[in-house]
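Protein chains in written order, with UniProt numbering: chain A, 1 to 538; chain B, 1 to 305.
Quick caveat, the hints were computed from the structure, so don't treat them as lab data.
Hints may be right or wrong, so weigh each one.
[What the hints assert, rightly or not] Quick list of in silico lysine-lysine cross-link-like pairs, DSS-like style, CA-CA up to 30 Å:
id, chain 1, residue 1, chain 2, residue 2
1, A, 13, B, 113
2, B, 134, A, 390
3, B, 134, A, 13
4, A, 17, B, 134
5, B, 122, B, 134
6, B, 113, A, 17
7, B, 134, A, 21
8, A, 17, B, 127
9, A, 13, B, 128
10, A, 434, A, 338
11, B, 22, A, 276
12, A, 13, B, 56
13, B, 127, A, 21
14, B, 127, A, 463
15, A, 276, B, 56
16, A, 21, A, 463
17, A, 21, B, 128
18, B, 122, A, 17
19, B, 14, A, 276
20, B, 128, A, 17
21, A, 463, B, 128
22, B, 127, A, 13
23, B, 17, A, 276
24, A, 57, A, 489
25, A, 40, A, 53
26, B, 122, A, 13
27, A, 73, A, 57
28, B, 134, A, 463
[What the hints assert, rightly or not] Some, not all, of what chain A presents toward chain B, calculated at C-beta under 7 Å:
id, residue
29, 3
30, 10
31, 18
32, 113
33, 114
34, 115
35, 117
36, 121
37, 122
38, 123
39, 124
40, 266
Even glycine gets a Cβ: it sits at the ideal position worked out from N, Cα and C.
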Amino acid sequence: MRQNNRHAGYLLKANLKQNLKFSIVWLVILIMMILSGAVKLEAAFINGASGSKDIVKMLQAPGMAAMFGATPKVSTYNAAIIFAGVMVVFMIILQALWIMPLMIRDTRGQEENGLLEMVRARDVGRTADVTAAFWELLLVSFVMAAAYFASLLAVNMDGTDMTGDLLFAIAMLIANLVFGSLALLFAQLANNTRTASMLSYMLLAAAYLIRLVTDLNHQQLTWLSPIGWFEKVDFYTKNQLTPLLLGLVCSILLYGAAIAIAQNRDLGAGVLAEGKGRATAASWLRSVPALIWRTERGLLFGWLVGAIIFGGVMGSVLGGVGDILKTNPIYRQLLDVKQIHAANQTLVLSFLAMYMGIFVALAVTAGVQIAFRLKHDDQLGYLGIIHAEKPTRATISTSYNCWALFVGILVLSVGLIALFLTGNAVLSQPLPLKYLGRLFIGGLPAVLAFIALGIALVGLWPKLSGLFWLYMGAGLIVQVFHGLFSLPKHAGDFTPFGWIADVPIKALGQPWLAVMLISAVCLLIIGIVGYRHQDLSV
Amino acid sequence: MATSVIELNHIQKKFGKFEALKNVSFTLSSGQVLGFLGPNGAGKSTTIRIILGMLKKTAGTVTVFGHDAWRDDAVIHPQIAYIPGDVYLWPNLSGGEIIDLLLRLNGRDHNQKTDDLMQRFKFDPTKKARTYSKGNRQKVALIAALSQDADLYIFDEPTSGLDPLNEQTFQQEVLKLKQAGKSVLLSSHILSEVERMCDSIVIIRDGSVIESGNLDQMQHLARLKVEVTTTTANDDLARVAGVHDLTFAAADHTKAVFTADRDELSRIMQSLATASILDLRVSPPTLEDLFMRYYGKQGESYAAE
Ligand SMILES: Nc1ncnc2c1ncn2[C@@H]1O[C@H](COP(=O)(O)OP(=O)(O)OP(=O)(O)O)[C@@H](O)[C@H]1O
Ligand SMILES: [Mg+2]
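All chains, full assembly: derive it from the sequences and hints.
Listed below in structure tokens is the structure:
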């Protein structure tokens with residue numbers, strides 16, 4: 001074992017340096033989230049009973065429970081309990097979005113591009129890369145947890161104590177270990193980074209959906225999801241240790257499995273097999289758009305399947321969401337049947353409004369990923385040989401960009417349709433078709449505007465394209481936390497998420513529709529023109 | 001008898017169903033510089049990766065310094081310096097940093113030789129690796145490998161990105177290694193490079209070794225290349241035993257180029273003499289001549305003879 005990890009320490013140092021900027025940006029974001037969450041909730045609770053009651057009531061609504069996790073049932077709530085109830089699921093997901101690509105990059109990424117071959121020819125153990133990555137995981141997660149702990153101590157919310165804060169920090173560290181070692185395992189199973197990332201993100205999404213469904217209906221089943229384990233700790237109340245132990249054991253097993261595979265396999269190989277290629281190109285493979293279809297179709301299928309599942313799952317919980325009598329039986333005496341139906345529908349619509357942003361964000365991610373491939377493929381030199389041929393730069397960038405927009409539209413449409421169909425199948429009082437129309441009229445322009453923004457960034461300043469994720473992420477977060485943290489009404493209006501916040505309760509206003517469509521067209525043009533003037537492969 | 005540094009015995013390697021190596025056996029003796037040749041896809045890099053313990057052989061035995069290549073890589077690697085054909089680096093680290101790191105990974109340190117090599121290769125170690133050109137990335141691997149005092153040097157197309165000047169510097173460095181009695185395995189497509197530096201060669205094709213041995217000897221055993229000009233037409237030549245690949249350079253068949261078996265030389269000369277020789281040039285085959293035969297499809301039949 002030790003033999004196989006020879007000189008992992010040196011690799012760790014090199015990787016830390018290589019990933020320094022990436023990890024620091026993420027750490028800052030995460031710590032800011034923790035700090036602002038704690039400060040906001042503490043403020044709400046200090047303001048007195050009314051503010052805190054509102055928040056608790058809001059959190060008990062099905063939409064919120066689905067989004068953030070079930071709020072523990074206790075007689076008196078304090079800021080600390082609510083903080084944990086709101087932040088656990090959310091922080092784990094954010095952290096996973098940082099840790100998983102980091103782990104894959106450190107192992108399969110370096111192997112795929114050939115760096116590991118040169119390194120391994122030195123006196124470096126066969127599993128040293130996996131071990132070094134795991135150490136990096138431990139180290140950065142420890143820094144993160146320490147910062148969380150310090151932040152929580154500093155804010156000192158109502159209801160916190162040292163144990164609770166410490167436990168929260170440790171739990172977040174263990175969550176990193178679980179998802180990090182999972183990514184390490186996928187990086188050993190797949191023989192390329194793309195498959196490894198896709199598997200990792202799919203598992204993350206599945207974990208979220210499982211806990212979402214079970215939090216709404218069968219809370220004892222939330223144990224099925226690794227994210228759910230951490231909800232079961234019940235921070236600041238029961239402070240259960242079992243779930244944390246489970247997480248720890250699980251990550252050790254996953255890491256062990258990754259090591260076992262790495263020990264015994266060929267460099268460059270995976271466990272999942274790869275089929276043989278074809279001898280000649282298909283007859284349709286004769287243009288740049290066709291080339292993009294050929295290279296990205298796996299990704300597209302993955303997204304479509306994901307969108308159908310996500311839409312289907314969200315639709316299937318609508319029945320439970322739109323049942324006002326279940327939430328509050330007193331209504332039976334107060335309201336007649338018609339009023340109950342109307343109230344149920346309002347519940348469903350506000351639930352949909354909450355999740356509309358997520359649907360849009362997923363579709364945008366799918367599309368922008370393809371728009372960003374333009375830069376990526378340039379950097380790796382794939383496009384060099386194509387630039388030298390007949391297609392002009394405009395053709396190439398237009399092809400990528402149109403695909404990006406198309407994929408965004410497709411993913412959103414498929415997701416919404418799946419949502420609507422399954423939703424109406426389970427709702428006793430189906431939603432009229434006009435609400436689907438509203439969802440489309442609100443969602444599509446937002447998706448187009450967002451993707452076009454990504455396109456413009458890649459065209460104008462390819463090096464800054466990472467900022468797109470910051471912008472979109474910030475917009476989504478502000479929108480999601482908007483009600484909870486009682487942010488100003490228009491706080492979310494710096495992105496389209498704010499503009500479509502009331503869809504489908506209300507139809508999207510004409511002005512915003514115009515703004516999004518016009519800016520989409522302008523940004524698309526800017527992107528294509530910008531790409532024409534770029535120094536390529538930078 | 002020199003001890004053997006690398007010993008491959010009937011190595012076979014399958015990637016799934018595809019058999020990349022069918023039967024590869026050769027020995028690299030201590031102090032030997034061995035050229036490893038073969039067409040694209042023949043299995044050179046695969047063989048080298050097996051020697052480095054990065055791929056698991058399907059059958060056969062590989063020992064390096066007498067140890068099993070896969071199991072004992074911990075013992076073997078500190079004594080090896082390797083340069084891959086395509087060099088990829090951590091984009092955010094500088095060249096100098098990476099060279100030091102690679103040296104330390106083998107328990108060595110930045111030394112006088114490292115600085116000398118940087119100067120000889122005109123290498124700027126302060127730039128971030130993401131900005132290096134292909135040749136400069138290659139220099140990182142080259143400097144890290146050559147400034148390590150190893151027993152065995154393995155080079156897989158080490159000069160594929162270097163300009164002629166740097167290539168020459170590299171060749172001089174390898175000759176120094178040879179003088180110092182180091183063992184070198186060099187895979188390369190640049191035949192002049194192999195001819196200048198290697199004592200022996202191994203030629204591999206479709207996953208099997210089809211020829212190996214001392215370069216002088218192979219040149220000696222191979223057919224001679226003959227160019228001859230005679231006064232009268234030389235049509236009889238085609239029927240003389242030991243004449244191969246005959247072509248006539250002039251329409252009246254007074255100028256002929258062919259290859260000749262050495263043991264049939266006297267008979268060939270007699271036949272030529274009847275046409276009265278004006279000019280005669282006989283040369284031993286260059287590596288390139290040897291190679292063309294082995295690389296092409298006729299390599300199989302030639303090897304079979
Ligand atoms: N991981 C792999 N999976 C399947 N086939 C492989 C793999 N690696 C190599 N091969 C195949 O094995 C054969 C030998 O490849 P190798 O890289 O050893 O050739 P090479 O002699 O180094 O060629 P070149 O001169 O082009 O570098 C090729 O046919 C190649 O396609
Ligand atoms: Mg090769």
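Hints not upheld, ascending by number: none
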